[in-house]
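Asks: Chains as they are written, first to last, in the UniProt record's numbering: chain A, 1 to 307; chain B, 1 to 607.
Capping the alpha-carbon separation at 27 angstroms, the derived lysine-lysine pairs in BS3-like fashion look like this:
| id | chain 1 | residue 1 | chain 2 | residue 2 |
| --- | --- | --- | --- | --- |
| 1 | B | K452 | B | K367 |
| 2 | A | K3 | B | K145 |
| 3 | A | K3 | B | K111 |
Per the computed footprint, the stretches of chain B lying under chain A, defined by three or more beta-carbons under 8 angstroms from a beta-carbon of chain A, are:
| id | stretch |
| --- | --- |
| 4 | 56 to 63 |
| 5 | 89 to 100 |
| 6 | 109 to 119 |
Some chain A residues flagged as far from chain B (calculated, every beta-carbon gap over 10 angstroms):
| id | residue |
| --- | --- |
| 7 | A44 |
| 8 | A51 |
| 9 | L109 |
| 10 | V117 |
| 11 | Y173 |
Rather than coming from a laboratory, the hints here were simulated on the basis of the structure. The beta-carbon is built from N, C-alpha and C at its ideal position, and this holds for glycine as well.
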Amino acid sequence: MIKYAFNRLLTTIPVLWIAITVCFFILRMAPGGPFDGDRPLPEAIKANLAAHYNLDKPLIEQYFIYVGNVLQGNLGPSFTTPDFTVSEQLAVGLPYTLILGGAAFFVSLVIGVAIGVYGALKRNSYPDHILAAIVLMGLVVPGFLVAPILQLIFGLKLNWLPVGGWGDGSISYLVLPVTVLCLPHIARISRLTRGSMIEALNSNAIRTAYSKGLSDTAIVWRHALRPAMMPVLSYLGPAAGFLLTGSLVVESIFGIPGIGRYFINAALNRDYGMVLGTVVFYMVLIMVLNLLVDIFYAWLDPRVRTR
Amino acid sequence: MSQRILTVSDLTVSFDTDDGVVQAVRGINGYLDRGECLGIVGESGSGKSQTFLAAMGLTSSNGHTNGKIEFKGQDLLSLKKSELNKIRGDKMSMIFQDPLTSLTSHLPIGKQMQEVLRTHRNIGGREAMAICLDWLERVQMPEAKRRLKQYPHELSGGMRQRIMIAMAMLCEPDLLIADEPTTALDVTIQAEILDIMDNLRREQGTAIALITHDMGVVARMCDRIQVMRHGEYVEEGSVEDIFYNPQHEYTNMLLDSVPHIDVTGAKPSKVSKVAIYEDGGRDFLRAEDLRVEFKVARGMFAKPAILRAVDGVSFDLQAGETLGIVGESGSGKSTLARAVLQLIPPTSGTVSWLGSPLNNIQKDELKAKRRDLQIVFQDPLASLDPSKPIGASIMEPLTVFESQLSKAEMRERVNEVMLRVGLNASFINRYPHELSGGQNQRVGIARAIITKPKLVICDEAVSALDVSIQSQIIDLLMDLQKEFGLSFIFISHDLSVVWEISHRILVLYLGTVVELTDTSSLFSNPQHPYTQQLISSVPLPDPKIERKRQRIKLVGEMSSPMDPAARLRFLPSKMHLMKDGYIPKLEERFPGHFVAEHDDISELLIS
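Turn these sequences into a full structure, and let the hints guide you.
Replies: This is the structure we're talking about:
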């Protein structure tokens, strides 16, 4: 098991390197640079800035400097906010995004799986159909529409919850943004779970489990749930990546200072360091998540371990 | 003795499907006494499993059951689920056809067994472990203790079925329902599993309901037989009555369809006497020292292991001859067939066809030769393109090899060949899923013979079919051989089918030839211990002979081709040469009768 995880870890390194390389060069191929504003800077200042950030060196040399920095865990300077490094900037917004995304991930998983299992057990009954319809609403109605509606009802009309901000990070501030982030994931997870659970319940192994006289609870939890979670797990990797990298929409509607906005601002400003830094950070995050997914696969299905 | 365990009265099982209500079981009556083995035989779709699935409360959710199934005085069909759960797994248990998918893949064997004891006896921990271990030993599980911690995929098919049986027996049930328990297993393993079940019946007095399509298994195991067709019992009686005095035409037909291997050396009556060239014909097809190796990855940085699927096989085939290739799963039969046709490139060795080589030639050259070299696969439905009407599938080889023909001429040829293989010409625009298994296999054969090939390889071509269909297909193949002088390589795990159709037989074990000779010598005078074991393991559809037969049991179990010691299983005296990769040599013991080197059988028998 540990050997399996280690092997998987090693294979992610070359992938990471290739991704950094491709991003680095593609970004440089785009026209414009961090210091091309509406009002052009004097050439001398521009040259000074370029020299300061090593932008005057050959591209290949810049590449090696960058990779060298990344290897030391340094994502480099931000070109537009010279007082902060990229790492420092990410560190400011990250806790908010992680708390919000982590909560949303956990809530989606628990509720999604619960609805899915329930639907599979009571398949084609009225409660199953009604739940499926409600859940589908969460998938088709976009977050930027759901969010203001929820703010209107629970914040302004009923006055139960704050309409936005982080406050002191208490739960009441989290409820609405987490709900908005969750809805589409609950929908996907519950649909996946329902489908794979039905398949698992129809399998030969479950037939054997019934023939042993086990109770329904034992059959669902001990025998059917783990194989049924396999397709859900494949979805969870990307879903977690999406949630933890912050949603620009949700963060701006609720006024949460997460990292979603950094990425957009950096891209608009051609802030090479910031864009690359964010990309590298996202990639590492997503790869770690995928690694976790693979390890969980092996835990769910012992056959994966020996392959 | 006549303690009644199970009484079935007026049982009907029906299913709601998209095509309306399907009656799977139409009002059957039956009973089962303590210590008795009842055989329920019938072909696929006869409803033979549904009867007992209903008793276990395992009818699928779209099914409806009516009538009564009384188990020791309780009507199972009217019980609540919680009450039924107290009976099933305890007083009544069931084992299934496919022991791999029938076990939960993510739980260790020990856990799966223990939960039965926990549920029905409230026993856990060490005590439960001890009972599980005891039962594993009683089903002759090698290294029983280690198995408790293993997962189903780490065990062989035979071991998995032993676990299923042990698990079913944990609470010492009165009734064991076995639904095709050995169908997915090799004959030697089948023989062992049947022995275990028979012993349990004797020692424990467990009644066994044995659901099977195999008349040989029934002849060996059962006291009484119920023959089922279209959801009804057409005939019922003692084993002797059914086998020696069948009343119903369907029973007769079933019995006639089963090949009756004759171990006295008589030639199978149906095999054609097509003139075999006494000399000169040897150049038809010749394989020499054929080897196929696969690399098996062992992780990213480890050197891949070499799996020798075919390990130095030589044989020849004459025009108009049928060579049977038998062997158990993992023996390399299919790989050998594919290597002969260059569908898998052989690692080394040569295949020559009419005197010129088939391997290491240009692609175009090989393609032109493919016209004469065809293959029919096992699963007829899966090997046809589901999106094409069967007429198009049959015609396809013509568009490749005889593209000069006009559309009308091609259609004419398709009609001809469909008629020849017994397919109604009106089927031409049907899709594979609309046809039965037997019809689809006829399509496969029509597709293979439409270019008038000289050699057709049948890779388990009849294994997935019911016996009656199987015998029709075999008759068809033999007719085609007479008519066109076709040669066949007929691959099967089923010795009786191979016996019926082949002129000569090659016995394969872990990629090497163990014995090669003509059919009657192989069965009347088998030389190699493995061949002897194989033949003695085949259940014969004749209760009198079958019950008196002595079964040969050899030490060891067919293991992985990756295990170097496995190759010397029948030659332990040369085990010290294992490191040098010693492979038993093939010697011609009698003219035309080749046998691989082996130790005397007395050294190899299980004492």
